[in-house]
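Q: If you read the protein sequences in the order shown, they are chains A and B.
If you read the first sequence in the numbering used here, its first letter stands for residue 50, the second for the next number, and so on.
If you read the second sequence in the numbering used here, its first letter stands for residue 2, the second for the next number, and so on.
Partner residues aside, some chain A positions facing chain B, computed with beta carbon under 8 angstroms: (1) Val70; (2) Phe85; (3) Leu99; (4) Asp115; (5) Ala158; (6) Ser175; (7) Phe192; (8) Lys199; (9) His202; (10) Gly207.
Here are some chain A residues pointing at chain B (derived, C-beta under 8 angstroms): (11) Ile52; (12) Val104; (13) Gly111; (14) Phe113; (15) Val118; (16) Ile187; (17) Leu188; (18) Ile197.
These are computed hints drawn from the structure, not numbers from a lab.
We put the CB at the ideal spot given by N, CA and C, even for glycine.
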Amino acid sequence: MLIKLINIISVWIIPGFITFVLAVALWRRVKVFDVFVEGAREGFQISIRLIPFLVGMLVAIGLFRDAGVMDLLVKTIAPLLGKLNIPVEILPLGIMRPISGSAALAITADILKRDGPDSLLGRLASTMFGSTETTLYILTVYFGTIGIYKTRHALPVGLLADLAGFIASIIICRIVFT
Amino acid sequence: MIGYLWAGMICLAVLTAALGGNIGAVTPSIFAAAEQGVKVAFGLISIMTFWLGMMKLIESSGIIDLIKKLLRPLAQFLFPAIPRDHPAMSAILMNMSANVLGLGSAATPFGIKAMEELQRINPHQDTASNEMCTFLALNTSSLTLLPTTVIALRAAAGSLNPAEIVGTTMIATLCSTAVAVIADRLFRRRRER
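Construct all of the structure, not just a fragment, from the sequences and the given hints.
A: As structure tokens, this is what we get:
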């Protein structure tokens, strides 16, 4: 029932929203196509401006992933997690989630396949993936468009939020699913 | 700060590769990722163009006034320094609405537009303003209520109840967003002292 409703919402939200905007605009006698084109004009410039920022950041992320830094970090942090009774298998997801959305998605899919989506670990990975964002990507893109390098406390705040989401997911899944 | 993280990640990666006898993989990895960066930017062109056009329609049709009216208390709490009718406020509210409603592809174009407008009222052009930091805190901590990607992934993996993680995800998202907003305020206050 709930899953059906969610499916309906996710399929309808964009078509429904666009139709709603157009209907209201037509009703208010807005010159819809002129206005659309005027707004859309900037899209190209903004995207192209992002190239240096994206190339720089993705090189760091790609190297980090391919060189096996994650395995090293997992090995270092794992004993600590064992003491706190946190499943070690979830650690790679926690490390990659703020850094790379696609890598985190692959790790989540892997956990779901290996342990099953309805295991505690599968539910925990799902909750964790859904509750935070790819901090590094957002910072790169958002500050990149306006060429800001001095990002002040934006990075530590984003990483703290990821850590909070990570811990909250573990606690909540323990309470709800066991 | 990002600069240190960036250089740190690269140096750590090269060092790890060297110690692991894997140094040959570094060069191809660099150029594959650089190509990926260009692809991501090109992939953005289409959705940026489309949603920036829609955004203009949301503004000129007056739908934005409705959104503003609904979210005013929240907006004033989070961004007290932005004048109510400034275009930055419109873009921020549209980005937040897109996130909450699950209009995933629209959130980034709206967010980028918000950053451009915030830059216009930024006193130091090379440094992030307070409002930018708060806005980034909201976006990096995720505001999404329905984690549709994960639900689809769970369904594909044969889950008996793919949507059962909606509740836990919402609570975890609330926790991370609360921590982000509070941490942002604390950092800001420490700096102003």
